[in-house]
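Visitor: Chain order of the listed sequences is A and B.
The first sequence maps to residues 13 to 379 in my numbering.
The second sequence maps to residues 13 to 379 in my numbering.
Treat the hints with care, since some could be wrong.
One copy or two, either will do: identical chains are not told apart, so a pair holds if it fits within one copy or between any two.
[As the list claims (entries may be wrong)] Computed list of lysine-lysine pairs in DSS-like fashion (alpha-carbon distance at most 30 Å, straight line):
1) K35 x K246
2) K209 x K219
3) K311 x K19
4) K279 x K144
5) K246 x K315
6) K209 x K246
7) K279 x K209
8) K18 x K137
Quick caveat, the hints were computed from the structure, so don't treat them as lab data.
Protein chains: 2
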Amino acid sequence: MILETKKVFFDEPLYLESGRVLKPYEVIYETYGTLNSDKSNVILVTHALSGSHHVAGTYEGDRKAGWWDGFIGDGKAVDTTKFFVICMNNIGSCFGSTSPMSINPATNKPYRLKFPVLTISDIVKAQVRVLKSLGITELHAVIGGSMGGMQALCYAVEYPTFAKHIFMLAATAYTRPWAIAYNKITIEAIRNDPDFKDGNYESEDIKENGLKGLALGRMAGHISYLSNDSMDMKFGRRYVEQDGLYELFGRFEVERYLEYNGYSFPKYFDPLSYLYIIKTMNIFNAARGSDTLADSLAKIKTKLHFYSFSGDLLFKPEEMEEIYEIMVANGQGDLVDYTMIESNYGHDAFLVELDKFDFMIKEILES
Amino acid sequence: MILETKKVFFDEPLYLESGRVLKPYEVIYETYGTLNSDKSNVILVTHALSGSHHVAGTYEGDRKAGWWDGFIGDGKAVDTTKFFVICMNNIGSCFGSTSPMSINPATNKPYRLKFPVLTISDIVKAQVRVLKSLGITELHAVIGGSMGGMQALCYAVEYPTFAKHIFMLAATAYTRPWAIAYNKITIEAIRNDPDFKDGNYESEDIKENGLKGLALGRMAGHISYLSNDSMDMKFGRRYVEQDGLYELFGRFEVERYLEYNGYSFPKYFDPLSYLYIIKTMNIFNAARGSDTLADSLAKIKTKLHFYSFSGDLLFKPEEMEEIYEIMVANGQGDLVDYTMIESNYGHDAFLVELDKFDFMIKEILES
């Protein structure tokens, strides 16, 4: 598989939904496979909250493959011998695209809390610019899960004929209060951390382990990514320490899992980026700009394929079913299909239960 | 209603499940109504994580009544014209009974992290001592919800003939990993708070607002006390600030709710007490000391009444149903009844949906 990482710089302004402007900005992206001569084999993959453009393949010297490597590659469900796959690091994120830690041209210092609030729509707008800069004016498909699924839905509503197929996994048309509540723990944990310094932390201060407050918030996030069944299966009531029972800080396995995933995260993720990204998720609402969600969805002209997961506690199956049912009621039944996949893996299922849905996506992509 | 607050001091040692000893210790408690001549009208109410002995009535000059005041009082479901109700502040808690901030006689300083780990069984043992000191050798009933329900079940297993009726609401026989996971956020948030100082905080340091880390943990707790439906009903996607949409820290109503309940909590609750109490919940397991939960439950000789709530995400209905089913399989079907109450209020339902179950409890108590 051919894997290329590139960066594109834009000097023209990106007009944001908030009325603010981002200028200049840049987007880092990765491509897999070969673009065909008429540029008709492009599949865009959109990433989730903590994801990056590195969606597949393994960098030289790296042990870990891209975050959806089981799904994308030569001969895989998203077959890179047939398709040219592109994944971009979202603006606002911290893996190379313009983010709150980028230089604010007005001050020649990092934006930090002066960075403008972004929306899913803004992120998608920036992606479309990148695609156009590559001469890509149509997509074979957009595929995204979780926050990536929000972006996918945004393509469907705002760019009705841009993509032939849109796959939305484990996502929602508007974020519900429980998802906002989990994010609230993160917001407060970051802001209360004295090392955050109101956004003015120096990389030096948090060099070793990153910001502890972000670790805490990430632990809260992980609770929402799991399901009751997956926790029972993975951890049960097993202790880490043999004498953990009567030691105040003796730990259960589930606690070690949260510690490990929580504290390792801020080592590679920036807290300001995290705050800006969860904001885009909190305020995502596919109905915005229309009177009703039904009116908004009525704009869709492309084929939309929904996959929800039965144990998903963050974006519950009912949330995607609602989108499907509204579209059917709108008379758009020929455009949509909805599959709820039985899974014990909670929200994480879209990343770990590939074999339950990848063949369905492959069939559609190659039909 | 006659309301009395008293404290009882014990100089004899309390032998704890851990093998450690608590000596001396004291327990503060409140009583409502009048003890009859043969002391046969006693109802013990056991409190939950953040509760206290002040379960009913209103103190002079206070605006807020006790935490289960709608349920307990003259003419109410637990009728204090008929019954003598007693509620004790659990040892380990911070409302007047012996706690981690009590003086350790070995050092003449507060115990802090030298306080012994307590279990639900230890808490109940201390309660039984108080009752015996009052000459009470039998109970008409024990009633408790959440952690109070764990205590109620503990009475059933460990003191099989002590109470005539035991009512267990919104609780479990053993804490599942998701409940432990929510508590983990609290543990990490408290320990990471620089003001916690490894348990050596001075009251002066946190005088104004209490420990912020505890506030964070309490927010995580509140997510688990609500349900998806209750969040949709209470908050939906409403904003607090009109221009909240494009302001990074603009808040949704659900965020304000968590802020309010989170940050007000540490003003009256001690962080070390909180750590010790959630530990008792994490390690609660009614099967401990027996080969199986079925063996443990087989000891029960009293009438046990279970009430679960359909939307409870913390202690799910299945958890109490399991206890009921094991007892039925044990041939104890004549001792138990199980009711699942339809409610959108999540775990909090046992405190707020009184009219859905109080009449059932009243009927049993007065039959």
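Visitor: State for each hint whether it applies.
Guide: Verification of the hints:
Proximity of K35 to K246 under the C-alpha cut-off of 30 Å is found in neither arrangement, the shortest distances being 46 Å within a copy and 40 Å between copies. Proximity of K209 to K219 under the C-alpha cut-off of 30 Å is found in both arrangements, the shortest distances being 15 Å within a copy and 22 Å between copies. When the C-alpha separation of K311 and K19 is checked against a cutoff of 30 Å, the pair qualifies neither within a copy, at 32 Å, nor between copies, at 69 Å. Taking the shortest Cα distances, K279 and K144 never come within 30 Å of each other, neither inside one copy (34 Å) nor across copies (56 Å).
In this assembly of identical chains, K246 and K315 lie within 30 Å of each other by CA distance neither inside one copy nor across copies; the values are 37 Å within and 36 Å between. For the homomeric pair K209 and K246, neither the shortest alpha-carbon distance inside one copy (37 Å) nor that between copies (33 Å) is at most 30 Å. Taking the shortest alpha-carbon separations for K279 and K209, both the intra-copy value of 18 Å and the inter-copy value of 24 Å come in at or below 30 Å. Taking the shortest Cα distances, K18 and K137 sit within 30 Å of each other inside one copy (18 Å), while across copies they are farther apart (67 Å).
Violation of the numbered hints given earlier is confined to hints 1, 3, 4, 5, 6; the remaining hints are satisfied by the structure.
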